[in-house]
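Following the hints, complete the assembly by docking chain B onto the known chain A.
Residue strings, one per chain:
2 protein chains.
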Amino acid sequence: MVKIGLDGIRQFVEPEHLNYTAAKAALAALKDGSGKGNDFIGWVKLPETYDRDEFARIQAAGKRVHENAEAFVVIGIGGSYLGARAALELLCSPRANEVKKGPAVYFIGNGISGDDIAQVLELVKGKSLYVNVISKSGTTLEPALAFRIFKKYVEETYGKEGARERILCTTDKARGVLKGIADREGYESFVIPDDVGGRYSVLTPVGLLPMAAAGIDIAKVMAGAAAAMEAYLKEENDNPTLIYAAARQALYNLGKKVEILSYPGENTRFIAEWWKQLYGESEGKDGLGIFPASCELTADLHSLGQYIQDSERILQETMFRFEKSVNRVEIPMVEEDEDGLNYVAGRDYDAIFAAAAEGIRRAHITGGVPVMELVAETPNEETFGQLVYFFEIACGISGYMQGVNPFDQPGVEEYKKNMFALLGKK
Amino acid sequence: MVKIGLDGIRQFVEPEHLNYTAAKAALAALKDGSGKGNDFIGWVKLPETYDRDEFARIQAAGKRVHENAEAFVVIGIGGSYLGARAALELLCSPRANEVKKGPAVYFIGNGISGDDIAQVLELVKGKSLYVNVISKSGTTLEPALAFRIFKKYVEETYGKEGARERILCTTDKARGVLKGIADREGYESFVIPDDVGGRYSVLTPVGLLPMAAAGIDIAKVMAGAAAAMEAYLKEENDNPTLIYAAARQALYNLGKKVEILSYPGENTRFIAEWWKQLYGESEGKDGLGIFPASCELTADLHSLGQYIQDSERILQETMFRFEKSVNRVEIPMVEEDEDGLNYVAGRDYDAIFAAAAEGIRRAHITGGVPVMELVAETPNEETFGQLVYFFEIACGISGYMQGVNPFDQPGVEEYKKNMFALLGKK
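Here the protein sequences come in this chain order: A and B. According to numbering that gives the first Met the number 0, the residues represented by the first sequence are 0 to 425, in order. According to numbering that gives the first Met the number 0, the residues represented by the second sequence are 0 to 425, in order.
Same shape as in the complex, but just chain A (with noise of 0.2 Å):
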C-alpha cells in the first residue's frame, strides 16, 4: 500500500490545520453519494462492483490482440489516454516498443499533429495491425479524425471483414457516434460505465483492454485497487488518501498554489500527467484550485530544480517514489577510481536513489518548500491498482473540501466552442 510521510510539512503548517473532520465528511459524502456531481462516482466502488462479464471479454480481446498483433494503436485523447499510456510505461517501459515483446502500441488521436498521423501510418505499414478507439460520444474532434483516418487504413488492408476483426471500440453502451458506428459495422464494443467520468476511468475498459493487449495482468491490477478500496475507504485518521488531501489543501490554504508532483524516472512520468488532469480537472475551477506541475527526479533537479530552491514560495512538492525498482543494478568497482566513485560501489541504484531522494527532501524543505512523501512498493500490477485508485480517492476527497464539483469539467467547451465555429460546423 501508498505509505504518506508529512514529517517535511510540518515547520510550514500546524496539526490542526489540517482539516481531517472535513476530509472525513468529505469522504463519507463519496461513499454515500451525498456529494456534489454525484452522478459521477461509480468508480468508488468499481473494484469490488466491476462487470465481472465484460471483464472477462476485456482479457479475451486483449489476449486476441497481443498474440495476433504487430502494431496496436489506441485511439483516444485526455481520460481515455493517460491511464493506459501511464500503465505501459510503468509496466513494460517507456521504450516497450523496441523490446518486441507482443505489439508496438502507438497512442494517437490525442493531438492535431500531421506529422504524428503520417509518422505512425509509416509505422504500421506491413505489420499486422488492431485498433482500439476510446471516446463516449464519438465526437471529440481529435480521436475523431484519428479514427476517420486509421479505419480507412484498416478497411482498406484487411477489408470490412478483417476490419471486423481488428477493429475494438469503447464507448457508450447505448448512445452516441461511435456506438453506432460500431453496431452498424459490426465492431466488438465495450463499455464505459453511465457513472465515470473520463479521468476516473482507467479501471474501466478505457485502461483495461490497451494494458490487456500489452500483455499486462488486469486481474492484478484490479486486485491491487480492492485492496486499496479496502484500505482506503476508512474514515479514519491514518488513512493516508485522508492525510494527502487534507496536507495539500492546508498548504493551498496558506498560499502554495503550486504542487510539484516530483516522480522517481522516465517510466513514470505518465503517472504524473495522468494525475495533472486528475486534479486539474477536478479542482480547477471556480477561482480556484492548486496548480498541478511534475519534475522528474532527478533529471528535472538539473533544470528546476535551482527554481524550487530558491524562488517564489509559492510550491509545495509530493515527492512520490518506489521503495524499490525492478531491476536491482549494482554499481561496478574501477581499480583506477578516477571519477572517486569507489565510495559506492557494490550499492545499487536504488540505495542510491534513496540517499537522493532523501537529499533532495532536506534541500527542498531548507529552501522554504514543504515536501510531502508517497511510497508505493515496487512497480507491479498490483502497485498501479494501489496507485490509481489512492489518488483517485485522496482527490475526490480533497475536492470536497475545496467545495468544488471535482467530477465535472465545464471549462473544457470553451476553446471547442470556438474551434467548431471557427471551422464552420454548422
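Calculated from the structure, these hints are not laboratory results.
Copies of one chain are not kept apart here, so a pair can be met inside one copy or by any two copies together.
Derived DSS-like pairs (lysine-lysine); straight-line CA-CA distance at most 27 Å:
1) LYS126 / LYS100
2) LYS415 / LYS323
3) LYS124 / LYS323
4) LYS416 / LYS323
5) LYS151 / LYS323
6) LYS100 / LYS124
It should be emphasised that the depicted structure is a prediction, and the values quoted were computed from it without experimental measurement.
Below, chain B alone, put in the same frame as chain A:
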C-alpha cells in the same frame, strides 16, 4: 524567423508596462559584456565565433557514428541532455528509434534508475554501440555512474582498443575528471567552451555531436542560429526577443507567476523541457522568478485545460507553434458521415490545428489568461537553430530585467551536498 503576437495580452497589460528601455539596456549589456555573470555569455556570439576546426571534427565524428552505430548512448543530464533530445525529437521523431534510419539513440545518465539502465543495457546488447558522455567536470553523479557502467560494457565487448573508437567525450578543454579519463584512455574529446554554461550549450559539441550522429545537418542548425543572431541582437522595439522578455516580465509584475509554454505536439515536448531549464534556472532565484510549466496542444487541454480556463488567475501562457508541419495529412471524405466530420474533409491537419489554436487563444483570454503567441516556420534544422537562439537571447534579457544573474545556479548544489553526505562521500 520567430514571429511574436501580443494581441492576447492587451486587455491585461497597458502598453507602457512593457519596459522596452530596460529590455534594450539588458540586450546591450549582453552584447558588451557589462552585465552580471558576464563570464558566461560566450553563447551570445557563438553562431559567428564558433571554432570551425572543432565543428569539422564534430561533423566527422557524427558521420562515423551515424554510419557505423546501431545503437548510440548519450550520457548527460540537464543542459547536457535536454537540448540534444529536443533537436532529435523535433527533427527526427520521438519514435525515431523504431524507424531505423541511423542508430537508435538512448539518452541516459539523466536520473538514478536501475530499471532505466537495465533496459538500455538489454536494448544495446548485440548491436554495434557508440557512446557519447557529456560532462564539464565528470563528477556529476548521474552521468558519472552511467558512464562507469557503459565504459565497462564497451571495454568488455570491444576491448580497450575498440573503446577508443567508440567512446566520445564532450568535456572541459583541459581540466576535470572526464578530461583526465579521455586523455589517459585515448578517447576523442570535444570541448565545452569555458564561457558557455550548461543550459546555453546546445550549439556547442554538447548538442551538436548527438545531432550529427542522428543524421541532422548541423551546418544548417548553425546557419539558422546565425541568421537569428543577426536579427535578434538589434536594439529595436520590433525585435521579438525584446518583446517576449518585456511582455512576460510585465505580466509577472501583475502577479502572473506561472508561465505555461503550450506547444503543438509530442515532437515538441522536449523543446518545452529545454525551455523550462533555460528560464527556470536562469530566473528562479533570490525569491523571484516565473514558474515554467508546459501544456501539449491539444492533448493537455483535455487535462490541464479546465484549470487554465477557470481556476486561480496566476497564469500567463506562451502559445508556441509552427506555421506548418512537415507532412500534409488530409482528412478523408466518408460517404456515411456518421461522425459528422465531412465538413472538414479535404482540409489538412495544419488547417485544423490553426483553427484549434485560435480557438484556444480566444478561450484562454476570455477565461482571464493573457496569451502571447510565438510562431516559427516549418520544423527543420534552420528553424531549430533560430528557436534556440531566440529563447536564449530573450532569456538573458528577461533575467537582466528581473535583476538577477541569469547565468548561475547556486541552488542546485543544496541537494547534492545532502546526498553526498548521506552516501558517505569523503
